[in-house]
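Engineer: If you read the protein sequences in the order shown, they are chains C and L.
Residue numbers for the first sequence follow our numbering, beginning at 1 and rising by one.
Residue numbers for the second sequence follow our numbering, beginning at 1001 and rising by one.
Hints were generated in silico from the structure; no laboratory data involved.
Please note that the accuracy of each hint is not assured.
Mimicking BS3-like on lysine-lysine, the simulated pairs with C-alpha atoms at most 25 Å apart in a straight line are [stated by the list, open to error]:
#, chain 1, residue 1, chain 2, residue 2
1, C, 91, L, 1071
2, L, 1141, C, 56
3, L, 1072, C, 56
4, L, 1072, C, 91
5, C, 56, L, 1071
6, L, 1104, C, 56
Partial selection, computed: residues in chain L whose CB lies under 7 Å from chain C [claimed, not checked]:
#, residue
7, 1039
8, 1070
9, 1073
10, 1075
11, 1076
12, 1115
13, 1116
14, 1153
15, 1162
In this text the structure is predicted, and so the values were computed from the model without any measurement.
Glycine residues also receive a C-beta, built at the ideal position from the N, C-alpha and C atoms.
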Amino acid sequence: MSETVQNPTPPKKKRGWCFCAGCLLIPVVSILCLVSVYFLGPPLANWLGIFGPEAKEVYEAAPDLAASESLTNTFSELGIPGVRVYVIPIKDQPTQGAFIILDASAGYVGMDPLDTEDDMLLLILQDITHRNRTENLRLAHVTVDYRDEFGETATAFTADQELVEEYADGLITQRGFFGQIKIDLIGTMQYLGIDGLLEEIQE
Amino acid sequence: MKKITRNLLLILIMLIPVFFLSGCEDVDWDLLEIFVQAWAEEEGLYKDGKYSPYPMVQKVAEDTVGDITHKKPFIELDGLDVMRDMEKADALAEEALISGDHNKMGVAINMRPNDWQLQEKDAVLWLNSENSAAAQNAQDKSDELLREQIQQGKNCVSLHIQRLEFRNDVLKRELYTCKDSNDQCKNLEEAQFTTQQELQEIYATNTSPFCDN
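Isolated chain C (complex conformation) (with noise of 0.2 Å):
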């Protein structure tokens, strides 16, 4: 009969101190390369040139007095206050972007404050095409602000140009028009006190 000899199983070595300082040290490393990607990466694209220049590179110039003033009178002329229009050349760029600051805390109380048709957009859409082309604002972008009672930014949309010029010919529909423009989502988001939920999904 032969004996079975089991193996008896090695002892365990004993991990030493340098076994767990690696264990942390491979989190805390990741750790700080994802926070350095986080907040040196978009400068160092910046810098690189892979991302696009900063708005603020972008909008560095002095606004157009004349032609903000003209797209001001648009508004002023419908009777709708509380709204200021800037028009500023966009750094290497012929054209120019027109920002359109609809301020409650200004006195604005909507597009159209006497009734409820939705005309009044169209009209202002038209005007601003229409003083584009006479008085040749050469505008690439209509950029809206809406700020509340206390001058905070409710939401924020941007349109092309051409779709504005799309719409105020009515090669497009307001549905049309609305659903190509580009909507401000995670400001609108901040802005109605979501900040945690929005950073969880994130994440």
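On the provided structure of chain C, position chain L as indicated by the hints.
Structural biologist: Below, chain L alone, put in the same frame as chain C:
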């Protein structure tokens, strides 16, 4: 995943009433409501009478990436922050002109270093402080910034007229507060006279030595 879905539903429950009940408030947001609904449908967030949370996650992720990488529409939306800075800088420059505070003007210029309108205000402030050399420096800087815009395709004569009219307005306001006939006021009066004379010449000839150089 369940947690995300739950959170999304919570967000949507919070979002929808805000948009759809806000018409009851002071500000008339009717058009905004239509716009948000049309936008949500187009983006696939609202389908067959139901809000779908998954495209929302995708949208938030896309927007976050677009914002970090400075995609065109996000630069345009970020431009609204630039407008806020511009308004703040303008307000500071106005305060500086009223109080004669050069430090305040410096802060305004630091916020918008390539804005010729602030340089023009700075020049007037220096004139008011009887420092002609500093005023000339500010005007030279304004010239330089204007020329940069002209190089990018702006019409020189119309831009120069805009600048001179702006300068004239600022000088006029400063002179209004200048009560005594001291040297400060004389400097401002001289500057306004020169500006108006130059403007008259451009209106008459539609040319300017500034644009000929």
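Engineer: Hint by hint, say whether it matches the structure.
Structural biologist: Tested hints:
In summary, the hint linking residue 91(C) to residue 1071(L) is supported, as the alpha carbons are separated by about 15 Å, within the 25 Å threshold. Proximity of residue 1141(L) to residue 56(C) is assessed by CA-CA distance (about 19 Å); at most 25 Å being required, the pair is judged to hold. With a C-alpha separation of about 13 Å, the suggested pair residue 1072(L) and residue 56(C) falls inside the 25 Å cut-off, and the hint holds. At roughly 13 Å between alpha-carbon atoms, residue 1072(L) and residue 91(C) fall within 25 Å of each other, so this suggested pair holds.
Under the criterion of a C-alpha separation no larger than 25 Å, the hint pairing residue 56(C) with residue 1071(L) is consistent with the structure, at around 14 Å. With a C-alpha separation of about 21 Å, the suggested pairing of residue 1104(L) with residue 56(C) holds against the 25 Å cut-off. The beta carbon of residue 1039(L) comes within 5 Å of a beta carbon in chain C, closer than 7 Å, and the hint placing it at the interface holds. The restraint placing residue 1070(L) at the interface with chain C holds, with a minimum CB-CB distance near 4 Å, inside the 7 Å limit.
A distance limit of 7 Å between C-beta atoms decides the matter here; for residue 1073(L) the minimum to chain C is near 4 Å, and the interface restraint holds. Annotation: residue 1075(L) was flagged as interfacial toward chain C, and the flag holds, the nearest CB pair being 5 Å apart, inside 7 Å. For the restraint placing residue 1076(L) at the interface with chain C, the shortest Cβ-Cβ distance is roughly 4 Å, inside the 7 Å limit, so the hint holds. Of the supplied interface hints, the one on residue 1115(L) holds, with its beta-carbon coming within about 4 Å of a beta-carbon of chain C, less than 7 Å.
Below 7 Å, beta-carbon pairs count as interface contacts, and residue 1116(L) has one with chain C at about 5 Å; its hint therefore holds. Interface hint status for residue 1153(L): upheld, as the beta-carbon distance to the closest one in chain C is roughly 4 Å, under 7 Å. Because the closest C-beta pair between residue 1162(L) and chain C is about 5 Å apart, less than 7 Å, the hint holds.
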